[in-house]
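Sequence order for the protein chains is P and L.
1 is the number of the first residue of the first sequence in the working numbering; add one for each residue after it.
1 is the number of the first residue of the second sequence in the working numbering; add one for each residue after it.
Note that these hints are calculated values from the structure, not bench results.
Beta carbons are placed, not taken as given, at the ideal position from N, Cα and C, and that holds for glycine.
Incorrect hints may appear among the rest.
[Unchecked claim] Examples of chain L residues toward chain P, derived with CB under 8 Å:
1) T36
2) R37
3) P42
4) V43
5) N64
6) T67
7) F106
8) R144
9) G265
10) V286
[Said to hold, decoys possible] List time: in silico BS3-like cross-link candidates among lysine-lysine, alpha-carbon distance up to 30 Å:
11) L:K60 <-> L:K315
12) L:K176 <-> P:K282
13) L:K27 <-> L:K332
14) P:K281 <-> L:K329
15) P:K281 <-> L:K282
16) P:K332 <-> P:K25
17) P:K131 <-> L:K122
18) P:K27 <-> P:K329
19) P:K311 <-> L:K56
20) P:K282 <-> L:K386
21) L:K281 <-> P:K122
22) P:K56 <-> L:K56
23) L:K91 <-> P:K63
24) P:K363 <-> L:K282
25) P:K281 <-> L:K281
26) L:K329 <-> L:K281
27) L:K282 <-> P:K176
28) L:K281 <-> P:K176
29) P:K63 <-> L:K282
There are 2 protein chains.
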Amino acid sequence: MKGYREMTKEELIQVRGELIERYEKCKALNLTLDMTRGKPSPVQLDLSNDIYDTLKDGFKTAKNEDTRNYGIAPGIEEIRKIFADILGTDKDNIFMGNSSSLNQMFDAIMRAMVFGEIDSPKPWSQVEGRKWLCPAPGYDRHFRVTETMGFELIPVPMTENGPDMDVVEELVKDEKVKGIWCVPCYSNPDGIVYSEDTCKRLASMKTAAPDFRIMWDNAYVVHHITENESERGKIPDILSLCAEAGFPNRPYEFASSSKVTFAGGGISCFAANPDNMARAKKYLSVQAICTNKVNQLAHAKFLPNAEAVDKHMRKHAEILRPKFEAVQKVLKEELGDSGLWHWTDPKGGYFVSFYAFPGTATKVVAMCKDAGVALTPAGASFPYGKDPDDSNIRLCPSFPPVENIVKAVSILSVCAKITAIDKLLEE
Amino acid sequence: MKGYREMTKEELIQVRGELIERYEKCKALNLTLDMTRGKPSPVQLDLSNDIYDTLKDGFKTAKNEDTRNYGIAPGIEEIRKIFADILGTDKDNIFMGNSSSLNQMFDAIMRAMVFGEIDSPKPWSQVEGRKWLCPAPGYDRHFRVTETMGFELIPVPMTENGPDMDVVEELVKDEKVKGIWCVPCYSNPDGIVYSEDTCKRLASMKTAAPDFRIMWDNAYVVHHITENESERGKIPDILSLCAEAGFPNRPYEFASSSKVTFAGGGISCFAANPDNMARAKKYLSVQAICTNKVNQLAHAKFLPNAEAVDKHMRKHAEILRPKFEAVQKVLKEELGDSGLWHWTDPKGGYFVSFYAFPGTATKVVAMCKDAGVALTPAGASFPYGKDPDDSNIRLCPSFPPVENIVKAVSILSVCAKITAIDKLLEE
């Protein structure tokens with residue numbers, strides 16, 4: 001087939017007419033398809049339905065502590081050990097939270113706002129014009145945390161190896177720049193795995209702010225989709241890298257079981273070096289006596305080590321893979337390799353990042369909505385919701401069944417083609 | 001028996017010698033008894049061991065929502081309804097937290113610190129010399145929250161009807177005074193139930209700060225010890241009282257299931273009027289996607305309404321009553337009604353407040369420690385840990401078995417007598 005760029009105006013108008021006909025037919029179906037957020041599907045959640053049966057043997061830890069009672073603020077040792085193994089660090093660097101790692105990130109920055117970091121000249125709330133680096137496209141909820149706390153969000157372009165480090169190294173020369181959001185393994189939404197070089201440069205770069213922080217959200221560290229071991233994302237331990245580079249206080253790392261067990265009832269943790277941990281504990285001990293240790297014990301009994309977690313995650317992958325493959329298949333069939341559009345083919349994580357013809361993403365999402373397909377708003381993956389190219393659309397294929405994904409991505413493709421032709425006709 | 005005050009110096013020395021002999025005998029037993037904190041005992045925790053069996057029927061709410069997945073940020077409706085009934089408010093005024101209500105209190109004040117309250121001239125972190133009212137004796141962890149956030153802690157004397165309102169009404173004329181801690185039902189540690197008049201005065205008093213807040217920690221709202229219905233503490237709904245008085249934004253109320261189900265794995269909530277709730281949600285929606293709804297569902301199924309909670313709490317009372325009675329019995333037998341010491345006989349809550357002869361509490365706690373009896377540090381119930389009378393000692397009889405309570409309180413009594421005699425001999 002002839003590419004749109006090679007077509008005459010008349011040919012484009014002809015093709016457009018056929019596409020509009022398809023689009024109207026789709027609309028007539030009155031579909032309600034939802035690809036807005038990275039939610040596990042019920043079948044995935046079913047994998048963990050028996051998690052509380054593990055408590056039949058009692059509520060005691062290996063050390064004979066009663067998880068039903070107060071105490072053990074950092075979380076029970078067995079679960080800290082599992083997360084430590086997964087993150088490649090020591091259990092003493094781990095502090096367990098409740099179900100949400102986002103909550104732990106929010107709290108960490110709130111502490112810095114009110115009390116400052118260990119190496120802060122003053123609390124961050126007193127820093128006028130404070131700024132935060134946001135590799136984009138990235139996770140909208142990350143950006144919203146620092147926006148809410150009064151940081152100016154500075155976008156950083158993403159490369160296939162992670163944030164563009166030339167740009168980052170330049171930006172951190174500004175002492176108002178206090179930190180950076182990172183999803184190092186299968187980034188949200190691009191599915192990019194940071195290269196070792198990127199990680200090392202992040203760990204070792206000179207920052208004007210003495211209290212610069214990397215918020216290392218290792219949300220998808222065990223969330224591989226590929227069966228192929230060699231294709232799996234692997235990330236060095238950021239705590240060690242920063243310590244080796246002479247900046248041990250730089251990173252806070254986060255992880256959770258939200259997409260391992262239950263998104264609405266899992267457990268989370270953060271990891272930090274001893275100095276940051278000691279300072280955090282000073283405030284965490286005032287904030288609460290402990291987190292939910294019964295749930296920690298259930299998790300530790302249900303998935304007693306990193307190997308068990310990996311085995312469990314392979315079951316998730318079995319469920320997710322056909323969905324991600326369906327997205328690729330439909331996009332390839334519908335849009336081919338014309339270069340007008342492109343999209344990612346991630347080996348893990350929860351998203352496919354689709355890049356519509358520049359200047360059309362908002363229109364594509366609106367047209368999809370009119371046809372009953374709910375997508376994440378265009379621009380959502382950028383600071384302030386503004387994609388300078390109006391191109392990126394985050395696709396979340398985890399929740400709907402394959403047949404709905406096929407329908408939704410077909411409609412997306414039709415809309416992408418119509419809007420691209422409209423742009424080409426304007427040229 | 002002759003009272004110490006009526007004895008001659010020689011008689012006192014004689015009695016002291018006998019007491020020291022008793023004390024040394026106790027020491028020789030090498031006891032390790034712990035009455036430091038208000039922890040439920042294992043037998044109490046056993047009452048809720050089957051809580052997760054309720055999830056056998058599935059993880060769906062009455063509205064067919066999947067608690068295992070993201071969403072429903074304020075918490076599932078059935079559990080909000082139960083807490084609303086208990087607190088005498090509406091379910092829409094309730095926002096569920098994770099296991100710790102202290103965590104919700106900390107977070108509420110952190111939000112005020114960084115963002116200010118709805119009626120704040122500026123965020124509290126920017127208020128130099130900010131102050132907080134601390135009815136004392138009170139809960140040490142409350143005091144620590146506001147101390148950590150840079151408030152000057154202003155003690156307020158307690159009366160048998162709650163905080164001394166004449167003092168409170170005077171203190172709130174200072175615009176730097178931003179709030180007050182209250183445990184209105186079975187206060188920690190005195191077990192005082194605020195009178196209706198106290199509640200109304202708190203709700204209707206004029207405060208210089210437009211953003212004055214009552215932190216209403218209804219921690220023991222269903223925690224009656226007495227069997228006698230008419231002796232049970234009952235507190236009016238503070239949200240309604242404040243609204244009626246024209247200060248609807250004044251209160252935040254808190255409660256949890258820590259001493260209903262599991263102290264290390266329960267659920268908590270806060271209650272607020274619509275305007276405060278809307279403002280809190282603005283930030284809570286940035287902080288986390290949701291709290292642990294699976295645990296909320298388990299609780300709602302296990303204790304499906306306020307009546308079920310009351311029935312459950314009566315089982316707790318059955319276990320706690322003999323322990324509280326043992327404390328009263330030993331204290332009465334050992335110390336009688338000489339007026340040198342006094343103590344509370346609460347109808348609910350978790351503590352007995354013991355008042356040693358003024359100037360001796362620190363010594364009593366130290367002597368008890370040497371005899372293997374761990375007590376809450378003297379002064380812990382006062383701002384900055386400083387009891388001006390060095391008299392109050394918080395006794396926590398919930399955790400140890402009765403026989404240990406008898407031993408511990410006997411030793412406490414011996415130490416109280418020795419130290420009182422020492423003081424009398426000094427006079």
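Going through the hints against the structure:
The criterion of a C-beta within 8 Å of any C-beta in chain P is not met by T36 (chain L), whose closest approach is roughly 11 Å, and the hint is violated. Hint on R37 (chain L) holds. Least Cβ distance to chain P is approximately 7 Å, under the 8 Å limit. Checking P42 (chain L) against chain P: minimum C-beta separation of about 7 Å stays under 8 Å; hint holds. For V43 (chain L), the shortest C-beta to C-beta distance to chain P is roughly 11 Å, which exceeds 8 Å, and the interface hint is violated.
Annotation: N64 (chain L) was flagged as interfacial toward chain P, and the flag is violated, the nearest CB pair being 12 Å apart, outside 8 Å. The closest approach between the C-beta of T67 (chain L) and any C-beta of chain P is roughly 5 Å, which is under the 8 Å cut-off, so the hint is satisfied. Hint status for F106 (chain L) relative to chain P: holds, with the closest Cβ pair at about 4 Å, below 8 Å. Checking R144 (chain L) against chain P: minimum C-beta separation of about 5 Å stays under 8 Å; hint holds.
For G265 (chain L), the interface hint holds, since its Cβ comes within 8 Å of a Cβ in chain P; the closest pair sits about 3 Å apart. The criterion of a C-beta within 8 Å of any C-beta in chain P is met by V286 (chain L), whose closest approach is roughly 5 Å, and the hint holds. About 29 Å separates the Cα atoms of K60 (chain L) and K315 (chain L), which keeps this hinted pair within 30 Å; it holds. Restraint check: the Cα-Cα separation between K176 (chain L) and K282 (chain P) comes to about 26 Å, which is no more than 30 Å; the hinted pair holds.
Taking the CA atoms of K27 (chain L) and K332 (chain L), the gap is near 22 Å; set against the 30 Å cutoff, the hint holds. Only pairs whose Cα atoms come within 30 Å are accepted, and K281 (chain P) paired with K329 (chain L) is rejected, the gap being roughly 41 Å. Between K281 (chain P) and K282 (chain L) the CA atoms are separated by roughly 27 Å; this keeps the pair inside 30 Å, and the hint holds. Among the hinted pairs, K332 (chain P) with K25 (chain P) is consistent with the structure: their alpha-carbon atoms are about 22 Å apart, no more than 30 Å.
At most 30 Å may separate the alpha-carbon atoms for a hinted pair to count; K131 (chain P) and K122 (chain L) meet this at roughly 22 Å. Between K27 (chain P) and K329 (chain P) the alpha-carbon distance is near 22 Å, which keeps this suggested pair within the 30 Å criterion. Distance restraint check for K311 (chain P) and K56 (chain L): the Cα-Cα separation of roughly 24 Å lies within the 30 Å cut-off, and the hinted pair is therefore satisfied. For the hint linking K282 (chain P) to K386 (chain L), the alpha-carbon distance of about 21 Å falls within 30 Å, and the restraint holds.
With a CA separation close to 28 Å, the supplied pair K281 (chain L) and K122 (chain P) stays within the 30 Å bound. With a C-alpha separation of about 13 Å, the suggested pair K56 (chain P) and K56 (chain L) falls inside the 30 Å cut-off, and the hint holds. Proposed proximity of K91 (chain L) and K63 (chain P) is contradicted: the alpha carbons are some 40 Å apart, above 30 Å. In summary, the hint linking K363 (chain P) to K282 (chain L) is supported, as the alpha carbons are separated by about 29 Å, within the 30 Å threshold.
Only pairs whose Cα atoms come within 30 Å are accepted, and K281 (chain P) paired with K281 (chain L) is accepted, the gap being roughly 26 Å. The hinted pair formed by K329 (chain L) and K281 (chain L) fails the criterion: a straight-line CA distance of about 49 Å is larger than 30 Å. Between K282 (chain L) and K176 (chain P), the direct Cα distance comes to roughly 26 Å. Compliance with the 30 Å bound is thereby established for this hinted pair. This hinted pair checks out: K281 (chain L) and K176 (chain P) have alpha carbons roughly 29 Å apart, not beyond 30 Å.
With a C-alpha separation of about 41 Å, the suggested pair K63 (chain P) and K282 (chain L) falls outside the 30 Å cut-off, and the hint is violated.
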